[in-house]
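Novice: The task is to assemble the complex, starting from two chains supplied on their own in separate frames and drawing on the hints.
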Amino acid sequence: MSAEAPAPSGGPSMFAATARNIQNQRVMTAVKSLFLGMTLLLSTPVVVILGVLLYKGLPAISWEFLTADPINGMTAGGVFPALFGTVCIVIVALVASVPVGVAAALYLSEYASDNWFTRLINLAIINLAGVPSIVHALFGVGAFVLFFGFGTSILAASLTLAVMTLPVVIVSTRESLQAVPMAFREACWNMGATRWQTIRKVVLPNAISGILTGIILEVSRTAGETAPIMFTGAAFFLPFLPQSVYDQTMALSLHLFVVSTQVPGVPDELPYGVALVLIGMVLVMNSVSIAFRVYLRRRKKW
Amino acid sequence: MAKTQADASPDALDMAWFWDRIAQGVVFLGGISAIVFIGGIFIFVFKEGFGFIFQDMDVVEFFTSPAWRPTSDNNPTYGTLALLLGTASVTGFAVLMAVPLSLGAAIYIAEFAGPRARELWKILIELLAAIPSVVWGFIGLSIMNPLIIELFDVPVGLNILNAGVILGLMAAPIMTTIAEDALKAVPDTYREAAEAQGATRWQVIWRVILPASRNGLMAAVLLGVGRGFGETMAVLMASGHSINIPGSPFDSVRALTATIAAELGETAQGSEHYQALFTLGILLFAVTFVINLTADLVVRGIRKQS
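Just so you know, the sequences run in chain order A and B.
With the first sequence counted from 1, adding 7 to any position gets you my numbering.
With the second sequence counted from 1, adding 148 to any position gets you my numbering.
Excised from the complex, chain B in its bound form (with noise of 0.2 Å):
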């Protein structure tokens, strides 16, 4: 060790431990750029919304008024109630359809296939999950339309239905990877003790695996939730685009996120209904944000318990 210190001469172990320095100084930078976008995130999504919230926004209107006419000459008024609704109807059709369908395919990947077969689905739904959100509005518009109005006699296919099989599918293969290494994540001698004592696959399951891994499936199960609640392109091209508060699965109707989508483009920066959009955008921000941390805890739990 000696020899290699002094092989080398004083200033080039200068230089070596100054470009440690200045390394660490760096890639410390790069360590906190998540925690300064989030930031930046919300003070300008804040920034450009700040007018409307503080001084046009009436807050009992925005949050229970169906009427969301921001283009009215006189009158225009922000109600987001229709739109909120719209988002949960969709994402909850999306959830109940996805949810058993995700946990189902998870068990199945993870319990039940052998080592090769799961390379394989875990491969194919990794394929699955990268599929472009606006591929997946074409789809609604293209294919799932003409085949709702033809199965269900409906004179309009883009509606909860339609956007809420396709948030499902899309949802889908997120739930499955995180369900899936959850399970996982359950110690094989928890298997190999409860076989042992002659249960067969399915009670394990039932008994040992899925109670040990049930917080990991909350956490999937939420995280797909939070997808469907922030996807934007599938959903605008698939609901029909229209206000109503939802009544049936056939109805048409508008998701907070698809009117961002849809407006922004034609508000001038600045206005009323400029800076409302960028509410509804913090709006969706402080929702999502309350997920994901929810999700991060409920996973902190198993942690903490093993």
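Next comes chain A alone, as it looks inside the complex (with noise of 0.2 Å):
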């Protein structure tokens, strides 16, 4: 136990605090100063683990590295082609995802009431989000590449990421429909305008850059995943630019798998060049989301 506090003025006051008092504020800054060594112990590695990234991979990086093809056997060379079918793998997916992403949301945010259909739907969202990537590949086999006779192509990669992706769409879209004002709605219902034109001509519009937000988290997910591409239509090496979208092509998180494990003799900062790369297009996606987020709260009026 502490000794007893001097008083402020001299003589005991009631506001002067007591051992107890005292003692309880230690233990408090004891807890507070633990709670933030957990939360620096959980984000320190990670970010040492970036510097580590960056320090050695950066050597590997230049303008050529991103437009040349890789060369003897994978042990040289560039990523252009895993980087243009990223690109393309993403691009379609988009195109596929969005639209019904963002119809979902209006039809949770705009249509449903609070009833069992609606939380159904809640649920197969949580667990669309849950169920294993791999398992999502299963069914990007089974469905796409093989029921619906895609092949293993850009197509079948696309939409099994889709599919996995489309979460992210629904749940963002929502959120950014559901900020805006009920008074917006009504003030429009009450000019005789349908449900259609309220939200193509009010709703929308005001919700568009909170959907685009999500639209660029739903890019960087895609972008990163590898176990769902692998039998769909992502190639382990194929130097060549997909013609179209029933071509297989190579990819950034595959080549990354792949050089790091599966091809002998790659010199060291190969693969941290790989990884950079990959690494870097993610994490600007987000941080373009991110920004975007915070530039449009400071800028809401309502």
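Which stretches of chain B does chain A cover? Using the computed rule of at least three CB atoms under 8 Å from a CB of chain A, they are:
{"hint": "1", "region": "174-185"}
{"hint": "2", "region": "192-201"}
{"hint": "3", "region": "250-263"}
{"hint": "4", "region": "407-417"}
{"hint": "5", "region": "434-446"}
What follows is a list of derived Cβ distance ranges for each label pair:
{"hint": "6", "chain 1": "B", "residue 1": "THR219", "chain 2": "A", "residue 2": "GLY272", "range": "25 to 35 Å"}
{"hint": "7", "chain 1": "B", "residue 1": "SER390", "chain 2": "A", "residue 2": "LEU73", "range": "30 to 40 Å"}
{"hint": "8", "chain 1": "B", "residue 1": "ASP206", "chain 2": "A", "residue 2": "LEU303", "range": "49 to 59 Å"}
{"hint": "9", "chain 1": "B", "residue 1": "GLY346", "chain 2": "A", "residue 2": "LYS307", "range": "31 to 41 Å"}
{"hint": "10", "chain 1": "B", "residue 1": "THR212", "chain 2": "A", "residue 2": "ARG304", "range": "47 to 57 Å"}
{"hint": "11", "chain 1": "B", "residue 1": "SER220", "chain 2": "A", "residue 2": "LEU303", "range": "54 to 64 Å"}
{"hint": "12", "chain 1": "B", "residue 1": "TRP354", "chain 2": "A", "residue 2": "GLU71", "range": "53 to 63 Å"}
{"hint": "13", "chain 1": "A", "residue 1": "GLN269", "chain 2": "B", "residue 2": "ALA416", "range": "16 to 26 Å"}
{"hint": "14", "chain 1": "A", "residue 1": "LEU303", "chain 2": "B", "residue 2": "LEU358", "range": "27 to 37 Å"}
{"hint": "15", "chain 1": "B", "residue 1": "ASP159", "chain 2": "A", "residue 2": "ASP121", "range": "33 to 43 Å"}
{"hint": "16", "chain 1": "B", "residue 1": "ARG355", "chain 2": "A", "residue 2": "ILE98", "range": "47 to 57 Å"}
{"hint": "17", "chain 1": "B", "residue 1": "PRO214", "chain 2": "A", "residue 2": "GLU71", "range": "45 to 55 Å"}
{"hint": "18", "chain 1": "B", "residue 1": "SER419", "chain 2": "A", "residue 2": "GLU71", "range": "36 to 46 Å"}
{"hint": "19", "chain 1": "B", "residue 1": "TRP167", "chain 2": "A", "residue 2": "GLU182", "range": "19 to 29 Å"}
Derived from the structure by calculation, the hints contain no laboratory data.
Just so you know, even glycine gets a beta-carbon here, dropped at the ideal spot from N, CA and C.
Specialist: Now the structure itself:
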């Protein structure tokens, strides 16, 4: 037990801290530092790891690395076909998932009432987000590659990723739709507008930037996934650019897996370079999305 | 109002309502898409694994034998015990490491950090959650592996410890985010009432906030477990990928997910091995479904209470 704290004005005052108060304060400070320590313990290793990636990968990266084909059995050269393939896969996946995701969010935010059916949809969304990526890969093989006969192709890989990242679009779009004040809609309905006119002319324009933020987030997610595209459309090594959506392609994420585990005699800095390009792409996308969101929140008038 | 109606020709009005009906239909189709896809995943994975389950599978062997020898010429066996234990040990290690740290971090960010610092922490955590799993796997392979060999003087650094730490770091941002949301969902009036009684911040957290947000925190842990359980690339690359009944953190193990990822490319479509891999997929689907359902019910529990 600590000694009695000196009262501020000489004599004991009712506002002076008692021994119990002081002890409580000490416990609180200790606990606070403990939790700060835990937070740092979680984040520091990752920051250090990113630093190591940067330190070891940066020497490998040059304009040539980004624009040249891999040569000598992938032990030298650049990553261009993989980079291009990832961009193709992401674009096709976006084309497939954004309309469906936005429609789903519109349904949930503008049409659905709070009943068992809506709860079922929400449960399905949570599950779609929680199903392991390798199970999505199996689904892609069973459904798109075999059943619909797309073969291992960009189309099959993109559709698999589209299903997998659908929850990202739905959740972020729904949030930005719900952020549009109800009064906006009521004003519009009062003018005799139909529900759809209200959505198209009032709700969507007010939510569009929030929807874009979610789409950028989806791009980052799609670009980084590996397991779902391994068997549905991404090739280990294919030094040609795809000609149509029915072609296979290389992809950056799978390329990292291949050069770091499957190819013997790869110089040390090459996989670090690939990892850095991939993580750079993903983190830039995420930062853009976050900056966009912060900017929007500042500008918001209602 | 009446004037607007009269101004528009009846045709235009009809058209507007016609498009309204069409839009409603299209939007509804989008709305049920998630249900359709979840059903589709189950049907298509089941369809490919179907033959194995009803013809070749020996249920007892499947769950109790550690021998996963699908490529054996004369007597292929499909025992998943070692794979199940591999997944369980890595996920268990990750959860043990990540749960206290993420809950601590969530409490710090939600209750102690100032508003500006909170924003910055949340952005950092969001960025951490965005790192792709294949990059995590690469980190396990090229940074953690030599580090573990050096620190613990073991021959191989690709083991439960490596995969567990990697998985823990991967799951932590998600757990922290959900736990922080759960803490923030406790109404401020609770905090004010407790502080007005003279409680310190820590007493408020320990006696008021934590009990009030218990369910949300539990859901956070469950979703973290689900994430670890289903992770594929990172575990494939960092766990060593050799079939073992785990005995110590320095044993290499093989996970269910990693087995599918490593073997599916080498099997002939429709073969017994191929169907067995889809059966593993059904198992994974079922377990994550149960985890997600439980998490949802637990969260719904709080909504009912309040």
